[in-house]
Amino acid sequence: MNRKSPIITGIKSMLPIIPGVLPFGLIMGTAAHNAGLNIMEVTGMNFLMFAGAAQLVAVDLLTQNVETVVIVLTGCIINLRMMLYSASFAPLFKESNLLTKTFASYLLTDQAYATCLDLDERYNKRSDKVAFYLGSAFFMMVCWHISVILGMFFGNFAPKSLSLEFAIPLSFMALTIPTIKNRTYFYVVMISAVLSLFLYKLPYNLGLIISASIGVLCGAYLSSDKSVNTDRNSEVKDGL
Amino acid sequence: MVFDNFWVSVIFLGIGTFCIRASFIYMSSRLNISKRMREVLSFIPCAIFPALITPMVFFHQGQSHFFLQKERLFALFVASFISYKTKNILITIVCGLLLLFVFSIL
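Which chain is which? The protein sequence lines are A and B, in order.
Taken in order, the first sequence gives residues 1 to 240; the numbers are from the numbering used here.
Taken in order, the second sequence gives residues 1 to 106; the numbers are from the numbering used here.
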């Protein structure tokens with residue numbers, strides 16, 4: 001058997017995304033250091049939350065002496081998008097045990113989810129898919145911890161002129177494009193992209209979750225229409 | 001310790017974040033996911049990633065002007081064609097970063 005382990009393949013699939021993770025972690029580490037957090041606190045936060053954007057906002061709100069309830073709610077709203085990932089993964093973990101589900105949930109990030117978009121084309125067996133995901137997601141966590149600690153001690157040393165943080169949107173774009181299977185998916189992309197610009201000013205990053213939800217609903221609506229349309233099209237083709 | 005409410009905030013944020021992540025994964029065994037439901041779920045990546053990256057690129061560092069300094073937008077636009085043609089993430093990222101570098105010194 002010369003077949004590569006799905007765990008290793010998962011780790012490899014995360015490699016191209018790391019240039020986008022590193023500067024984000026460095027920014028987080030630098031922000032934590034500037035806010036006066038010690039290594040224990042940063043590591044504790046990293047392990048308990050493991051959510052970059054929410055962590056950055058939490059540190060910012062802590063320094064502004066905002067009330068605890070507001071800090072917790074704001075962070076949770078920012079992370080609400082992960083409920084969509086969780087829903088999207090539900091069929092994958094249907095037969096997994098509680099331990100696997102717990103690990104899978106804890107490790108769920110934008111990046112890990114993004115590397116799994118072509119999972120159905122990669123593997124047939126559910127256990128291979130799960131192993132791929134766990135490899136990719138775990139490696140993401142390792143990189144996140146290392147980059148935050150580096151940022152804490154050395155500051156944001158990534159050269160500014162290279163704008164490495166631009167690798168974040170680039171990697172998400174590159175992983176999303178193959179999922180645009182037909183015109184309906186393309187409309188969903190356009191709808192949520194345009195909406196997110198107009199809803200950008202909403203507080204607590206609410207624009208993101210609202211745009212994405214409307215996007216999914218539009219996709220559902222358009223695809224429910226489609227069955228009728230394709231029937232009609234096939235009739236027309238038959239007629240010709 | 002600088003902030004009195006640090007650990008309380010972080011622990012509750014941790015619990016909240018885990019519950020969000022675990023929500024549907026934990027329920028999955030009890031859910032009956034139909035073919036149609038799978039189709040609807042398949043729209044999630046196309047809906048969330050554009051909503052995540054478009055403002056990031058468009059309003060980079062708080063520029064709320066709609067037309068000025070949109071080199072990131074152009075770089076992403078060109079890179080998306082490269083991505084579509086090559087289907088390679090690493091090539092896309094390297095080209096995108098180079099494009100941005102070129103656009104920003106022009």
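If you are wondering where the hints come from, they were derived from the structure by calculation, not from laboratory data.
Worth double-checking, as some hints may not be accurate.
[What the hints assert, rightly or not] Dumping the calculated DSSO-like pairs for lysine-lysine here, alpha-carbon to alpha-carbon at most 27 Å: (1) A/K94 / A/K181; (2) A/K94 / A/K125; (3) B/K85 / A/K101; (4) A/K4 / A/K160; (5) A/K94 / A/K129; (6) A/K94 / B/K85; (7) A/K129 / A/K201; (8) B/K35 / A/K12; (9) B/K85 / B/K70; (10) A/K201 / B/K85; (11) B/K87 / A/K101; (12) A/K129 / B/K70; (13) A/K4 / B/K87; (14) A/K181 / B/K85; (15) A/K125 / A/K201; (16) B/K70 / B/K87; (17) B/K35 / A/K160; (18) A/K201 / A/K101; (19) A/K160 / A/K101; (20) A/K12 / B/K70; (21) B/K35 / A/K181; (22) A/K4 / A/K129; (23) B/K87 / A/K181; (24) B/K70 / A/K125; (25) A/K12 / A/K129; (26) A/K4 / B/K35.
Okay, the hints, checked on the actual structure:
1. Between A/K94 and A/K181, the direct Cα distance comes to roughly 25 Å. Compliance with the 27 Å bound is thereby established for this hinted pair.
2. Simply put, A/K94 and A/K125 have alpha-carbon atoms about 13 Å apart, close enough for the 27 Å limit, and the pair holds.
3. Restraint check: the Cα-Cα separation between B/K85 and A/K101 comes to about 36 Å, which exceeds 27 Å; the hinted pair is violated.
4. As the CA atoms of A/K4 and A/K160 are separated by approximately 38 Å, the hinted pair breaks the 27 Å bound.
5. Between the alpha carbons of A/K94 and A/K129 the distance comes to roughly 12 Å, so the proposed pair stays at or under 27 Å and holds.
6. Distance check on the hinted pair: A/K94 and B/K85 sit about 35 Å apart at the alpha-carbon level, beyond 27 Å; violated.
7. This hinted pair does not check out: A/K129 and A/K201 have alpha carbons roughly 38 Å apart, beyond 27 Å.
8. Between B/K35 and A/K12, the direct Cα distance comes to roughly 31 Å. Violation of the 27 Å bound is thereby established for this hinted pair.
9. Taking the CA atoms of B/K85 and B/K70, the gap is near 23 Å; set against the 27 Å cutoff, the hint holds.
10. For the proposed pair A/K201 and B/K85, the alpha carbon gap of about 34 Å is over 27 Å, so the pair is violated.
11. Only pairs whose Cα atoms come within 27 Å are accepted, and B/K87 paired with A/K101 is rejected, the gap being roughly 31 Å.
12. For the hint pairing A/K129 with B/K70, the CA-to-CA distance comes to about 39 Å; that exceeds 27 Å, so the pair is violated.
13. Pair hint A/K4 plus B/K87 holds up; C-alpha atoms about 21 Å apart against a cutoff of 27 Å.
14. Taking the CA atoms of A/K181 and B/K85, the gap is near 15 Å; set against the 27 Å cutoff, the hint holds.
15. For the hint linking A/K125 to A/K201, the alpha-carbon distance of about 43 Å lies beyond 27 Å, and the restraint is violated.
16. For the suggested pair B/K70 and B/K87, the alpha carbons sit about 25 Å apart, so the restraint of at most 27 Å is met.
17. Restraint check: the Cα-Cα separation between B/K35 and A/K160 comes to about 47 Å, which exceeds 27 Å; the hinted pair is violated.
18. Straight-line distance between C-alpha atoms of A/K201 and A/K101 comes to about 35 Å, which puts the hinted pair past the 27 Å bound.
19. Between A/K160 and A/K101 the CA atoms are separated by roughly 39 Å; this puts the pair beyond 27 Å, and the hint is violated.
20. Taking the CA atoms of A/K12 and B/K70, the gap is near 33 Å; set against the 27 Å cutoff, the hint is violated.
21. Pair hint B/K35 plus A/K181 holds up; C-alpha atoms about 17 Å apart against a cutoff of 27 Å.
22. A hinted pair counts as satisfied when its Cα atoms are at most 27 Å apart, and A/K4 with A/K129 qualifies at roughly 13 Å.
23. Simply put, B/K87 and A/K181 have alpha-carbon atoms about 14 Å apart, close enough for the 27 Å limit, and the pair holds.
24. Proximity of B/K70 to A/K125 is assessed by CA-CA distance (about 44 Å); at most 27 Å being required, the pair is judged violated.
25. With a CA separation close to 14 Å, the supplied pair A/K12 and A/K129 stays within the 27 Å bound.
26. Distance check on the hinted pair: A/K4 and B/K35 sit about 31 Å apart at the alpha-carbon level, beyond 27 Å; violated.
When each numbered hint is compared with the structure, violations occur for hints 3, 4, 6, 7, 8, 10, 11, 12, 15, 17, 18, 19, 20, 24, 26.
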